[in-house]
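Based on the hints, put chain U in the right spot on chain F.
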Amino acid sequence: MSTIELVTVDTAAARVPVTRGRRGWVRLRRNPLALGGLVVVVVALLAAVLAGVISPFPADHTDFASTLQPPSIHHWLGTDELGRDQLSRVLYGLRVSLSVAVLAVGLSLVVGVPLGLLSGFYGFLDPVVSRFTDTLLSFPFLVLAVGLAAILGPSLTTVTVAIAIAGVPGVIRVSRSETLRLRGLDFVAAAVADGASDVVVLGRHILPNALNTLIVQATVAAPAAIIGEAVLSFLGVGIQPPTPSLGVMLSAAQPLFRDGPWLAVFPGVAIVILTLGLNLLGDGLRDAFDPKESPR
Amino acid sequence: MGRYLARRLLESVITFILVTIVVFLGIRALPGDPARALAGEESDPATLAQIRTKFGLDQPIWLQYIKYVNNALHGDLGRSSRTGLDVSTSIRHALPVTLQLAVFAIAIAALIGVLAGVVAAVRRRTAAEWAANGVALLGLSVPSFWFGLMGILLFAVAYPLLPASGFVSVFDDPVQSFRHLLMPAIVLGSGLAAIIMRQTRSAMIEAMGTDYVRTARAKGLGGGQVVFGHALRNSLIVVTTIAGLQLGGLISGAVITEQIFVLPGFGKLTIDAVFTRDYPMIQGVTLVTATAYIGINLLVDLLYSVIDPRVRVGGAAL
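Residue numbers (the numbering used here), protein chains in the order written: chain F, 1 to 296; chain U, 1 to 318.
No lab work stands behind these hints, which were simulated from the structure alone.
Honestly, I wouldn't trust all of these hints.
[As the list claims (entries may be wrong)] Chain F is nowhere near these chain U residues, computed Cβ spacing over 10 Å in every case:
#, residue
1, Gly2
2, Arg3
3, Asp44
4, Leu57
5, Ile61
6, Lys67
7, Arg82
8, Arg123
9, Phe145
10, Ser177
11, Phe178
12, Phe228
[Stated by the list, open to error] Stretches of chain F that chain U covers, calculated by requiring three or more beta carbons in the stretch to come under 8 Å of a beta carbon on chain U:
#, segment
13, 135-149
14, 218-230
15, 234-247
16, 272-281
Just so you know, even glycine gets a beta-carbon here, dropped at the ideal spot from N, CA and C.
The following block holds chain F by itself, in its conformation from the complex (with noise of 0.2 Å):
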């Protein structure tokens, strides 16, 4: 009877990502840049969430008495020329970039895990696919999000729409990759030898131990997402005024160089702060959880 349990469905596929992942995780803990990411990523997230809490003013309150006015007690950031506080600005910008920063990753995902899946397990696929991914890579990101932004409208949704387009060759090829990998394991081949259904396999023993290096893949994209949405907005293609979007507040700063040059520095260092933290848990996650593709 136990000699029958070893090779089947549920032992093999349980075991490996509970280990796996939990030595990445006791590593990820023991490193700081990766936790102090973490640290700017959460309190990122609830800033935006809570912005209606927390910010001093309404994003669009104008207030004509004080237009332009530099950092102060009263305004922490400063006002732009309708007088509008930039604090609750960047805050309300803040979740303008994370909700199309997660919609996209998560867009892209959704299109781009199932392809890699069936392009790494059936090789006849593979053709396909592949030429598919190298064609969206033939675009250099931005004329693709640009042109993308050009035939659906400048909008919210052209932006998320356009950014995850930009990012599902990534997202195939690293699911591809990782199928390659795992369909030639000992435990897939058990779970092949077993009987289980090309479903069960993809989706119970090969996608649950893919998953490490997809959520590595997650945080490499997201602040990608983030600059996209920012260029895209401030090119004018993406999100349009008055919604606070940090890229059309980097955009509408440009021509009031001169009388509010803190307009042009408050959303930017908003969007630093925040890759920099995705891009440090970034780094920390893939130290963790896959040691040998890190550049470090």
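For chain U alone, kept in the frame of chain F given last:
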């Protein structure tokens, strides 16, 4: 090697054909009628029809595609529907701007990236390594367009040392060209510098632990000679290849850099074309960009296979 080369070439050709189809159809999906955009707001149907015939917009879509590909292969990318100028001529005028910017940016990125990478690898666990790692992380985290804005704010507005915009060719006036391109090149090269630094660092750490470096040391060679003459020389092969993969990213970076510093290059041409719905121009620039991208990737892959034979042997499996 021959079979690998043939396979990669075939793949590249297929990708190229797919790209032409995507470019062609994608542009048709753009909202707005180009004939109307060209004729202006108050246009009568007769003028519209005339413009459609002139630019071939009234023909069936597959015929437009075949004509397009045929012309493109003969170097004719059509005429801009906005300026009426030849697309290929406009690209030829814009390309040198972007190329000068890109070469300058790569030079800066290579210089900073390789030096910082060597320092970080040789002086491990020192303040120098921390500083180099920190700067690399910043280079990856600071969005280049904001970096550019801060540069203009500091060095053109607050302390007017450098011009905020404009382009002077290096062949006309090298000094003015340097002044105009310095900030854009640093902005464009910052991300690449960070990537080169990380690659150099990891390749150097590996090289410093190898036997040939130990042998060089045992022969009594000086530290500098071992680091630069032996370890770095071998590390650079890998670094060059990986940096080559990032060249395509420079095209993306150039789009935003040129927009901020108002440089009349390829990137600005792209953005302007998208904003004015200049179909032939968008097709032209994306086609040129994608072709360059495919070419670079092919070259890098082949280089890779020369360096690491496992790629061409096991390439099909992994």
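Hints, one by one, checked against the model:
no. : hint    : result
1   : Gly2    : holds (20 Å)
2   : Arg3    : holds (16 Å)
3   : Asp44   : holds (27 Å)
4   : Leu57   : holds (18 Å)
5   : Ile61   : holds (16 Å)
6   : Lys67   : holds (22 Å)
7   : Arg82   : holds (14 Å)
8   : Arg123  : holds (15 Å)
9   : Phe145  : violated (6 Å)
10  : Ser177  : holds (24 Å)
11  : Phe178  : holds (24 Å)
12  : Phe228  : holds (22 Å)
13  : 135-149 : holds (count 10)
14  : 218-230 : holds (count 3)
15  : 234-247 : holds (count 4)
16  : 272-281 : holds (count 5)
Of the numbered hints listed earlier, the single one contradicted by the structure is hint 9.
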